[in-house]
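A.B. asks: Using the working numbering, the first residue of the sequence shown is number 1, and each one after it goes up by one.
Hints in this document: simulated from the structure, not taken from any laboratory.
The reader is advised that the hints may include incorrect statements.
Here are the computed distance ranges between Cβ atoms for each label pair [to be verified]:
1) PRO250 x GLY101: 52 to 62 Å
2) THR177 x THR7: 31 to 41 Å
3) ASP210 x ALA243: 19 to 29 Å
4) ASP67 x LEU224: 25 to 35 Å
5) LEU240 x THR59: 50 to 60 Å
6) GLY270 x ARG37: 52 to 62 Å
7) GLN242 x ARG205: 17 to 27 Å
8) GLY270 x GLY233: 57 to 67 Å
9) LYS15 x ARG162: 20 to 30 Å
10) ARG71 x ASP210: 44 to 54 Å
11) TRP215 x LEU246: 25 to 35 Å
Idealized CB from N, CA, C, for every residue including glycine.
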Amino acid sequence: MRFYLTTHKRTWVEKATVPLFLKYEHFGVRTARSLPRAIGPYAIDSGGFTILQRFGRWTIPPQQYVDDLRRIRDEVGPFGWAAPQDWMCEPAIIHGGTFAGQTFTGTGLSVAEHQARTVANYLLLRELAPELLIIPVVQGWGSRTTNGASPSTPVKARFLIRDRDSKFMAAFDAAMTDASVQVVTTGIQTPRMNSIMERWIQTCRHELLDRTLIWNQNHLLHTLGEFKTFYNGHSPHRTLNQAAPLRPLPHPDEPAQIRRLVVHRRDRLGGTLHEYRHAA
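Please take these sequences and the hints and turn them into a complete structure.
C.D. replies: See below:
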């Protein structure tokens, strides 16, 4: 894993040997007579957040963008990677207004439209400049967390699981393949597959992964195994009338037995999960 030091001064590339991360606009390609020569690794951010904040759209044509990247490569030196002209998905970028003292124009589009435009731009840039190392970037926005890759985090995923919706064109799969990401589609004629798995994954995330710091693959597999046992053998399910998938509901207690209940609690995963049972 490589970490980059962000700077807005292009002259740093001729002085610093640590990996640097600069916005495309900070090179001043269209105004500078000459550009400094880099002595260390560096990468290029598109500066899309600032452009969309100011104008609500991209104002730099894709052809101009790749031409400027070529000049940077030729004069500054080969860059590690460059971001495409991606569309961020933060609510401020989409809806506009004033946030944290800054004014946003707003695009008036949806998250899906931002993602579609990002993918389309990446494919166009690949066509215009196949020799340039431009990475694929797709962002998103959720109510709890921000999902997706960002220019400062090159894609490291090995698999992309998706359904068979027609909105996923062949070009989308090709872009993922070029990024060494294998596309895995859900089963054919399995309408309940998405609903069941999405619910299980959300439950696992909210009840377990949001509360656990995972150290490595072995820790993850052990943790998921414990949660699977808890989910199937103890956790009550509303659709099963509060029974668990592998545990039927116990017989109702007699009134005399519930005057004084003795309940034992068993902690799993250090207290992240709790199991409650009546004493024998």
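A.B. asks: Please go over all the hints and tell whether each is borne out by the structure.
C.D. replies: Hints and how they fare:
For the hinted restraint 52 to 62 Å between PRO250 and GLY101, the CB-CB distance of approximately 58 Å keeps it satisfied. About 34 Å separates the C-beta atoms of THR177 and THR7, a value consistent with the hinted range of 31 to 41 Å. Checked against the given bound of 19 to 29 Å, the beta carbons of ASP210 and ALA243, roughly 26 Å apart, stay inside it. In this structure, ASP67 and LEU224 break the distance hint of 25 to 35 Å, their C-beta atoms being roughly 48 Å apart.
Take LEU240 and THR59: their Cβ atoms lie about 56 Å apart, and the range 50 to 60 Å holds. For GLY270 and ARG37, the Cβ-Cβ distance of about 54 Å falls inside the hinted range of 52 to 62 Å, so the restraint holds. For the pair GLN242 and ARG205, the beta carbons lie near 22 Å from each other, so the given range of 17 to 27 Å is met. For the pair GLY270 and GLY233, the beta carbons lie near 19 Å from each other, so the given range of 57 to 67 Å is not met.
For the hinted restraint 20 to 30 Å between LYS15 and ARG162, the CB-CB distance of approximately 45 Å leaves it violated. At roughly 45 Å, the beta-carbon separation of ARG71 and ASP210 lies within the given 44 to 54 Å, and the hint holds. Checked against the given bound of 25 to 35 Å, the beta carbons of TRP215 and LEU246, roughly 29 Å apart, stay inside it.
In terms of the numbered hints stated before, the structure departs from hints 4, 8 and 9, listed from lowest to highest.
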